[in-house]
Structure formats: structure tokens, C-alpha cells
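Visitor: Listed below, chain by chain, are the residues.
Protein chains: 2
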Amino acid sequence: MVISNRLASIQPFYVMDILSRAKALERQGRDVIHLEIGEPDFPTPPLVAQYAADFARRGDIKYTPAAGLPDLRQAIAKYYRDRYGVQVESERIFITPGASGGFLLAMALVLNEGDKVLLEDPGYPCYSNFVRLFGGIPSLVPVDASTRFHFNPEILSAVWDRRTKGVVIASPSNPTGAVLRPDELRALVDDLERRSAFLISDEIYHGLEYDEPSSTALAFSDRVLVINSFSKYFGMTGWRVGWLVVPADCIDNAEKLAQNLFISAPTPSQYAALASFTEANLHGLELRRQVFQERRDFLCEQLQKIGFSIKTMPSGAFYVYADCSRFTSNSFDFALSLLEETGVAVTPGKDFGNNAPERYLRFSYAVTLDRLAAAVERIKFFSERGRHKRA
Amino acid sequence: MVISNRLASIQPFYVMDILSRAKALERQGRDVIHLEIGEPDFPTPPLVAQYAADFARRGDIKYTPAAGLPDLRQAIAKYYRDRYGVQVESERIFITPGASGGFLLAMALVLNEGDKVLLEDPGYPCYSNFVRLFGGIPSLVPVDASTRFHFNPEILSAVWDRRTKGVVIASPSNPTGAVLRPDELRALVDDLERRSAFLISDEIYHGLEYDEPSSTALAFSDRVLVINSFSKYFGMTGWRVGWLVVPADCIDNAEKLAQNLFISAPTPSQYAALASFTEANLHGLELRRQVFQERRDFLCEQLQKIGFSIKTMPSGAFYVYADCSRFTSNSFDFALSLLEETGVAVTPGKDFGNNAPERYLRFSYAVTLDRLAAAVERIKFFSERGRHKRA
Ligand SMILES: Cc1ncc(COP(=O)(O)O)c(C=O)c1O
Ligand SMILES: Cc1ncc(COP(=O)(O)O)c(C=O)c1O
Numbered sequence: 001m002v003i004s005n006r007l008a009s010i011q012p013f014y015v016m017d018i019l020s021r022a023k024a025l026e027r028q029g030r031d032v033i034h035l036e037i038g039e040p041d042f043p044t045p046p047l048v049a050q051y052a053a054d055f056a057r058r059g060d061i062k063y064t065p066a067a068g069l070p071d072l073r074q075a076i077a078k079y080y081r082d083r084y085g086v087q088v089e090s091e092r093i094f095i096t097p098g099a100s101g102g103f104l105l106a107m108a109l110v111l112n113e114g115d116k117v118l119l120e121d122p123g124y125p126c127y128s129n130f131v132r133l134f135g136g137i138p139s140l141v142p143v144d145a146s147t148r149f150h151f152n153p154e155i156l157s158a159v160w161d162r163r164t165k166g167v168v169i170a171s172p173s174n175p176t177g178a179v180l181r182p183d184e185l186r187a188l189v190d191d192l193e194r195r196s197a198f199l200i201s202d203e204i205y206h207g208l209e210y211d212e213p214s215s216t217a218l219a220f221s222d223r224v225l226v227i228n229s230f231s232k233y234f235g236m237t238g239w240r241v242g243w244l245v246v247p248a249d250c251i252d253n254a255e256k257l258a259q260n261l262f263i264s265a266p267t268p269s270q271y272a273a274l275a276s277f278t279e280a281n282l283h284g285l286e287l288r289r290q291v292f293q294e295r296r297d298f299l300c301e302q303l304q305k306i307g308f309s310i311k312t313m314p315s316g317a318f319y320v321y322a323d324c325s326r327f328t329s330n331s332f333d334f335a336l337s338l339l340e341e342t343g344v345a346v347t348p349g350k351d352f353g354n355n356a357p358e359r360y361l362r363f364s365y366a367v368t369l370d371r372l373a374a375a376v377e378r379i380k381f382f383s384e385r386g387r388h389k390r391a
Numbered sequence: 001m002v003i004s005n006r007l008a009s010i011q012p013f014y015v016m017d018i019l020s021r022a023k024a025l026e027r028q029g030r031d032v033i034h035l036e037i038g039e040p041d042f043p044t045p046p047l048v049a050q051y052a053a054d055f056a057r058r059g060d061i062k063y064t065p066a067a068g069l070p071d072l073r074q075a076i077a078k079y080y081r082d083r084y085g086v087q088v089e090s091e092r093i094f095i096t097p098g099a100s101g102g103f104l105l106a107m108a109l110v111l112n113e114g115d116k117v118l119l120e121d122p123g124y125p126c127y128s129n130f131v132r133l134f135g136g137i138p139s140l141v142p143v144d145a146s147t148r149f150h151f152n153p154e155i156l157s158a159v160w161d162r163r164t165k166g167v168v169i170a171s172p173s174n175p176t177g178a179v180l181r182p183d184e185l186r187a188l189v190d191d192l193e194r195r196s197a198f199l200i201s202d203e204i205y206h207g208l209e210y211d212e213p214s215s216t217a218l219a220f221s222d223r224v225l226v227i228n229s230f231s232k233y234f235g236m237t238g239w240r241v242g243w244l245v246v247p248a249d250c251i252d253n254a255e256k257l258a259q260n261l262f263i264s265a266p267t268p269s270q271y272a273a274l275a276s277f278t279e280a281n282l283h284g285l286e287l288r289r290q291v292f293q294e295r296r297d298f299l300c301e302q303l304q305k306i307g308f309s310i311k312t313m314p315s316g317a318f319y320v321y322a323d324c325s326r327f328t329s330n331s332f333d334f335a336l337s338l339l340e341e342t343g344v345a346v347t348p349g350k351d352f353g354n355n356a357p358e359r360y361l362r363f364s365y366a367v368t369l370d371r372l373a374a375a376v377e378r379i380k381f382f383s384e385r386g387r388h389k390r391a
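Protein chains in written order, with full-length UniProt numbering: chain A, 1 to 391; chain B, 1 to 391.
These are calculated hints, taken from the structure and not from any lab test.
Heads up, some of the hints might be wrong.
Said to hold, decoys possible - Below, a sample of chain A positions facing chain B; criterion: calculated Cβ distance under 10 angstroms: (1) G38; (2) E39; (3) A53; (4) F134; (5) R163; (6) T164.
Stated by the list, open to error - Covered stretches of chain B (in silico footprint by chain A; criterion: 3 or more residues with CB under 8 angstroms from a CB of chain A, positions within the stretch not fixed): (7) 1–8; (8) 97–104.
Stated by the list, open to error - Calculated pairs, BS3-like style, for lysine-lysine (alpha carbon to alpha carbon, straight line, at most 27 angstroms): (9) B:K62 with B:K305; (10) A:K256 with A:K311; (11) B:K116 with A:K256; (12) A:K116 with B:K256; (13) B:K23 with A:K62; (14) B:K23 with A:K78; (15) B:K78 with B:K256; (16) A:K256 with B:K23; (17) A:K305 with A:K78; (18) B:K78 with B:K62; (19) A:K256 with A:K116; (20) A:K62 with A:K78; (21) B:K380 with B:K23; (22) A:K23 with A:K380; (23) A:K256 with A:K305; (24) B:K256 with B:K311; (25) A:K116 with B:K23; (26) B:K78 with A:K23; (27) B:K380 with A:K23; (28) A:K62 with B:K116; (29) B:K62 with A:K23; (30) B:K23 with B:K116; (31) A:K62 with A:K305; (32) B:K380 with B:K305.
Note that CB positions come from ideal geometry on N, CA and C, so glycine has one too.
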């Protein structure tokens with residue numbers, strides 16, 4: 001039995017090394033503050049949990065249609081109307097096992113062997129691997145503070161070649177938290193439409209914005225592939241439920257794929273998701289968003305005071321991508337020592353690509369303000385001592 | 001935006017036509033008996049549903065480790081010991097979103113572009129599509145009653161070529177319900193090991209056996225890929241939780257894939273699955289198995305009386321694959337008319353491959369004995385009238 005070649009090109013996540021070391025320290029009784037985490041610290045919203053529990057107890061939990069519960073697809077269509085003022089037919093909305101399942105479906109739908117896909121670097125590491133899984137070639141394109149870590153048509157032009165078939169963008173971005181303005185997003189949508197290329201817009205951090213709300217790529221075209229999820233803003237990571245919006249003429253093909261890949265997304269999770277759209281729950285999510293905002297303001301200010309440089313202020317998600325080159329020339333070693341010496345776990349830049357990752361750390365603020373303050377104290381202590389050492 | 005070539009080779013499930021027609025009839029007030037169904041009619045076992053509900057209400061529902069909850073992996077390892085007397089290290093067990101997720105993981109792990117994979121025809125239709133998704137070439141190999149619709153080393157020899165990289169088998173089989181004897185399974189495992197080829201053993205219908213219990217491919221080698229699920233025997237289709245067992249030296253690669261493909265299987269579902277292994281629940285499942293057995297005995301006898309030919313008695317799963325060539329030369333048309341005229345829905349042979357599918361229908365007995373009896377009456381009426389018509 002031989003292992004597929006594709007495995008050699010899939011890097012493990014370096015944060016796993018951090019995480020396993022953090023767990024080892026915790027087993028030794030050390031207190032670890034987890035700023036490496038990629039999920040909200042809040043529990044499932046109580047109204048959602050209660051609804052899901054009531055549903056689960058009844059026990060009638062069969063496969064749903066492959067595209068998802070019709071009621072949930074309609075609720076999401078209504079959400080596009082209410083939140084963005086955008087009309088999306090519910091038939092175009094496919095319920096998937098998380099955004100991850102949305103990526104599986106989207107990539108299987110559009111990729112042929114050898115197709116090149118442009119990805120923002122730094123960016124979410126799984127994109128490359130989804131592309132490779134289906135025979136595509138991920139092309140990491142460096143983006144920096146000059147474009148707030150996002151693509152624009154000029155960048156695309158400079159790297160485009162005849163094998164390039166499409167682009168993935170994510171706004172708010174992981175790891176930078178940077179948000180595309182509506183005009184910037186529209187320019188990208190238009191540019192890719194002109195090229196007859198696909199655009200996959202990962203909108204999983206939508207709702208978690210602290211300056212301006214995001215606009216969806218669906219506002220500018222119904223030919224884009226939009227991915228979203230109940231994981232982040234809706235606070236439901238473990239449920240594994242998200243969605244993919246496809247152009248109308250892809251519905252039949254997406255349906256065939258969903259039948260084969262998933263049969264259906266988890267049924268109790270789909271019912272749980274259905275309970276997300278009540279006014280009471282949306283109000284609760286707004287309060288959570290405000291908490292995140294407070295943490296962002298605090299963490300950004302404190303990190304800058306310590307000497308980290310934040311070149312693009314994060315306007316969304318729950319991450320700060322900070323330049324630590326004042327303290328180290330190797331952010332991964334820095335992260336390991338920071339953990340070892342102070343018990344603060346962060347994610348090294350090299351999990352997000354090849355674009356000067358040794359200069360960057362991702363700090364997640366999915367912990368309480370108290371814990372964040374404690375982490376800041378420790379980071380400060382560690383960084384200052386480091387500087388003294390080098391002096 | 002261009003659609004992937006692979007979509008052209010993925011056939012829709014013909015049963016979907018049956019299903020949508022059945023729904024239309026139901027909307028008109030017609031009573032439809034659903035013998036086309038691929039899932040048990042029983043609800044989630046009450047103990048499992050209750051446990052899951054209690055867990056869901058607490059709301060602490062985050063991502064689990066990519067390979068799954070350690071407790072669940074250990075419970076499955078124990079299940080292999082208790083049920084089969086086989087030692088499987090829990091580290092080799094990956095929790096997946098259903099057996100479907102197990103196939104995604106397994107195929108991504110072993111397939112390279114152009115690899116040929118041998119599949120039993122008739123067989124579960126998704127196998128071909130999983131193979132195609134990852135650049136492989138599915139090769140449907142006809143099997144018939146002479147080998148109880150299963151592969152054996154002679155069949156493999158006859159079709160093997162240098163591009164062939166592996167084989168998928170399923171026992172009990174969907175659609176035939178045929179079960180491999182331990183010596184037959186061992187012969188296949190040994191043969192493929194000798195060829196250094198992979199064997200994916202789909203054991204999703206294990207536990208639903210009515211003559212002899214199945215043995216697992218893991219009893220004969222720890223180099224096989226074994227897929228199983230909580231969907232069928234455990235009665236938990238909608239929860240989307242299953243597992244894949246990999247050889248020890250594939251653990252790291254399977255972990256990388258799971259992190260990227262799924263992040264993790266649904267957390268409430270994993271907790272629900274954990275509650276499956278209590279003695280009380282296993283006892284309940286045994287009672288359900290007996291109910292299925294009674295239905296099988298009844299349905300096989302009745303179909304034969306009517307004039308269907310069952311060349312290999314189904315010893316497992318909840319399907320009868322019956323030859324209807326005495327009544328029709330086109331089983332799909334027969335299925336459509338049967339539905340139209342009598343309200344009995346069945347699955348046409350052509351959903352299971354190219355091996356004389358027009359002769360076969362799959363009857364599922366995931367309905368109560370009462371309903372099964374009513375269906376039999378209708379089928380009898382329809383078949384006899386058909387014969388008269390032709391006479
Ligand atoms: C940018 C981005 N996209 C997609 C995902 C996948 O999330 P899920 O599958 O839980 O919806 C994540 C998870 O961290 C993410 O950060
Ligand atoms: C033979 C076989 N394998 C795998 C599956 C997938 O099941 P699941 O993903 O629900 O575990 C099915 C479902 O019908 C099946 O019949």
C-alpha cells in the first residue's frame with residue numbers, strides 16, 4: 001500500500017507543536033493562556049443549545065436532503081436579505097459540514113488537474129491543501145500592509161497566467177483580521193468575472209467586524225462561490241455546519257457532489273443552526289461581538305506598547321497579526337520560548353504561508369479580558385527580558 | 001467560471017427520480033410505501049438521544065481533536081476487542097463525518113492521479129465518485145451469484161493490471177446483502193497484501209447480519225483500511241459519525257488530512273456515539289437486528305413466491321437485490337410504473353452499476369412488517385397484472 005504523493009506537500013500545522021507542548025505544561029500544573037485558539041471562547045448560544053437538545057431528545061434524526069434542510073436554506077436566504085439587502089435564492093444555498101465542507105464542495109466543483117489557484121499569503125493554511133486534494137496547484141501570492149493584506153486587481157494581473165483558473169479571498173481575513181471595503185471587494189469580483197475565473201469568497205468571519213460591517217461578494221455578482229459557516233460569528237464550531245452559495249447553473253452539479261461527499265450535513269446541527277436566526281439569539285451575538293471588539297482594542301493597544309508592530313489594524317475576526325521582528329528573527333522559536341517561559345501560547349506566522357512568516361505571530365483574543373490582560377503582562381515581561389538579553 | 005470535468009462522469013442517483021415522484025404522489029394524498037430507503041426506520045436509540053440531548057444543552061461544543069474524541073476512539077478499540085476479539089490501537093482509529101467522511105479520508109490518503117481501483121458491480125454508487133474525486137479511475141468489475149456478488153482472488157487476477165492500485169469491498173454488501181465468509185475475506189486480504197495493493201473494507205453494515213456474524217478485515221491484517229459508521233447498525237444516520245482505521249504508519253498522514261478536510265467530526269454526534277456502547281444500548285440494537293431478520297425472512301419468501309428470483313440470499317444489511325426479469329426487461333421503467341400504479345417505491349438496479357442492472361431491483365426492508373406485507377400485496381397485484389397484460 002502506497003501513500004498518495006499529495007501527502008508530501010501537505011504541511012502539518014506548526015501550532016499543533018505549540019498546542020501539544022501547552023498541554024504537556026498544563027499536565028505539569030502550569031497555567032497556560034491560550035491565544036493560539038481558532039474558535040470563539042463562548043459556548044454555543046443557550047437558545048441554540050436548548051433547541052438542539054429538545055430536537056435531539058426526540059430522536060427522529062435521519063439524513064436530510066443532500067443540500068440541507070429546506071427551512072435552513074430559506075432562513076439563510078432571508079438572512080442575506082435582512083443583513084445585506086441581497087437576494088439569494090435558497091436553491092443556491094448548500095448546507096455543508098462547516099466551511100470546511102463548503103471548501104470540499106467548491107473545490108470539487110471547479111478544479112481540474114493542473115488548475116492554478118491564487119491564494120493570499122498570509123492566509124488560512126487549509127486553502128492550499130483543499131486545492132491540492134483535487135489536483136489543483138495552489139499559488140501563494142504575497143500580500144502586505146500596502147493593500148491591507150488583501151488582493152486587488154493589480155496584484156492579480158501581475159501573477160496571472162494561462163493556467164490560473166481562480167482565486168480564494170477571505171475577508172475578514174485569518175490571520176490578519178483585515179476587512180475588504182465594499183469598493184475593493186467589488187473591484188475583485190468584477191476583475192475575476194472579466195477573466196471568466198472563479199472567485200471563492202470565504203466569509204466565515206462575517207458578523208465579527210468592529211469598524212465597518214462587511215459586504216458579501218454576492219452583492220456584486222451571482223456568479224461567485226461564497227462560503228460561510230455557523231462556526232465563528234454564530235459560535236457553533238463543534239456542530240460542523242456551514243454553507244456554500246453557488247451560481248444557479250451549478251445547482252445540479254453541487255447537488256450531485258453533496259450526495260456523494262456528505263450524504264448530508266449533521267441533522268441535529270442543522271436544526272441547531274435553524275435556531276440561530278431568532279431575534280433573541282442575534283441580539284446575544286451582537287453582545288458577544290461587542291465583547292470581542294473591546295478585547296481587540298485592548299490587545300492591539302497593549303501589543304503596540306510592548307513593541308509589536310501592527311501594520312494593518314484588524315477590523316474583524318478575533319486575531320491580531322503582529323510583527324515581532326523587533327524581538328526576534330524567528331517567530332516560531334519566539335513562540336516556543338514564550339510558551340515555555342511564560343505559559344502564553346500563540347500561533348507562529350509560518351502556519352499562514354511563506355511571506356516573511358518569521359516576522360509574525362498571530363494572537364487570538366478568544367479569551368476573557370482578564371486573561372488577555374494577564375497574557376499581556378507575561379508577554380511584556382518576556383519581551384523586555386529578551387531585549388535585555390540581547391543588549 | 002468553468003465546471004470541473006469530473007462532474008460529467010458523476011451520475012445522479014436514479015432513485016432520486018423515484019423519490020421525487022414519490023413525494024409528488026404523497027402531496028396528492030397517495031399512500032407511498034418506501035422500500036427505496038437507505039437508512040433504518042428506527043429512531044436514534046433513546047439512550048443515545050437522551051445522552052446527546054443532555055450534552056447539547058450544556059453547550060460546551062467546541063472542535064474536538066481532528067482524529068476524534070480520545071474516549072470515543074478508545075470505546076471503538078474496545079468494541080473491536082469485545083465483538084471480534086481483535087486488537088486495534090485507538091491511535092489508528094479516526095472519527096469521521098460518517099463512513100462518507102471515512103471514504104474521503106481513505107481515498108485522499110492512497111490515491112494518485114491515474115490509479116485504478118477495482119469495485120464490485122453491483123455495489124454502492126458513491127465509491128466510483130470518491131475515486132474520481134481524487135484523480136483515480138474506478139473500474140467496475142461484474143460479480144454475480146456464482147461468488148455471492150463478491151470479489152475473490154481469481155476475479156481480481158483476471159482484471160488486474162499495472163495501473164491497479166487497490167480494491168474496495170463491502171460485506172454485508174449494498175445492494176445485495178451478501179456477506180463474505182471469514183475464509184473468503186482472509187483470501188482477499190492476503191491476495192491484496194501480496195500485491196502490495198490497498199484494500200478498503202467497507203464494514204458499515206456490520207452488526208446487521210442474520211446468518212453468521214461478519215469478521216472484520218482487521219482480523220487478518222493491520223495493513224488494511226477499514227471503514228465503519230454509526231449510521232446503520234447503531235441507527236444514527238443523521239448524526240454523521242463514523243470511523244476509519246488506518247495502518248499504524250499512516251497515522252500522521254491521516255491526521256494531516258483530517259485536520260484539513262474536516263477540522264473534526266461533529267462534536268455532539270461524537271458524544272452521542274460514545275453512548276452507543278453501553279450494554280443497555282447494545283441490547284436494544286440486538287432487538288432491532290432481530291426485527292430486521294424477521295422482515296428479511298418474510299420479504300425474501302414473498303418476493304420469491306411472486307416470481308422474483310433471489311440468486312444470493314441476503315445475509316445482512318436491510319436490502320434484497322431481486323431479479324425481476326420475469327416481469328420486465330427494464331427494471332427502471334418497472335420501478336416507475338410500480339410506484340405510479342401501486343405507490344411502492346423501490347431502487348432500480350442501475351443505481352448500482354452496469355452489470356445487467358435492468359434485471360434488478362433493490363427492495364429495502366427498513367419499514368415495519370405490516371407495511372412490508374402491504375407492499376408485498378401491491379407488488380403481487382402489479383406483477384400479476386403485468387404478466388396478464390403481456391400474455
Ligand atoms: C478562514 C477560515 N475559513 C474556514 C475555516 C473552517 O471553519 P469551519 O469548517 O469550522 O466552518 C476556518 C476555521 O478556522 C477559517 O479560519
Ligand atoms: C455501503 C455503504 N457505504 C457507506 C455509506 C455511507 O454511510 P454514512 O456516511 O452515513 O456512514 C452507505 C450509506 O448508505 C452505504 O450504503
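Visitor: Indicate, hint by hint, whether the structure satisfies it.
Guide: Results for each hint:
1. G38: With a minimum Cβ separation of about 8 angstroms from chain B (threshold 10 angstroms), the hint on G38 of chain A holds.
2. E39: Holds. Min distance 6 angstroms.
3. A53: Result: holds, 4 angstroms to nearest chain B Cβ.
4. F134: Interface hint status for F134 of chain A: holds (7 angstroms vs cutoff 10 angstroms).
5. R163: At 13 angstroms from the nearest chain B Cβ, R163 of chain A fails the 10 angstroms test, so the hint is violated.
6. T164: violated, 12 angstroms
7. 1–8: With 7 residues close enough to chain A, the hint holds.
8. 97–104: This one holds; 5 residues, not fewer than the three required, reach chain A with a Cβ under 8 angstroms.
9. B:K62 with B:K305: Judged against 27 angstroms, a Cα distance of about 54 angstroms means the pair is violated.
10. A:K256 with A:K311: Given pair K256 of chain A, K311 of chain A is violated - Cα atoms ~44 angstroms apart, limit 27 angstroms.
11. B:K116 with A:K256: holds, 22 angstroms
12. A:K116 with B:K256: holds, 22 angstroms
13. B:K23 with A:K62: holds, 17 angstroms
14. B:K23 with A:K78: holds, 26 angstroms
15. B:K78 with B:K256: This hinted pair holds, its Cα atoms lying about 25 angstroms apart.
16. A:K256 with B:K23: holds, 19 angstroms
17. A:K305 with A:K78: Since the Cα atoms of K305 of chain A and K78 of chain A sit roughly 44 angstroms apart, the hinted pair is violated (cutoff 27 angstroms).
18. B:K78 with B:K62: Satisfied, since the Cα-Cα distance of roughly 25 angstroms is no more than 27 angstroms.
19. A:K256 with A:K116: holds, 24 angstroms
20. A:K62 with A:K78: Satisfied, since the Cα-Cα distance of roughly 25 angstroms is no more than 27 angstroms.
21. B:K380 with B:K23: Roughly 23 angstroms separates the two Cα atoms, so the pair holds.
22. A:K23 with A:K380: holds, 23 angstroms
23. A:K256 with A:K305: violated, 53 angstroms
24. B:K256 with B:K311: violated, 44 angstroms
25. A:K116 with B:K23: violated, 43 angstroms
26. B:K78 with A:K23: Distance ~26 angstroms between K78 of chain B and K23 of chain A Cα, so the pair holds.
27. B:K380 with A:K23: violated, 65 angstroms
28. A:K62 with B:K116: violated, 34 angstroms
29. B:K62 with A:K23: holds, 17 angstroms
30. B:K23 with B:K116: Given that 27 angstroms is the threshold and the Cα spacing comes to 38 angstroms, the pair is violated.
31. A:K62 with A:K305: violated, 54 angstroms
32. B:K380 with B:K305: holds, 9 angstroms
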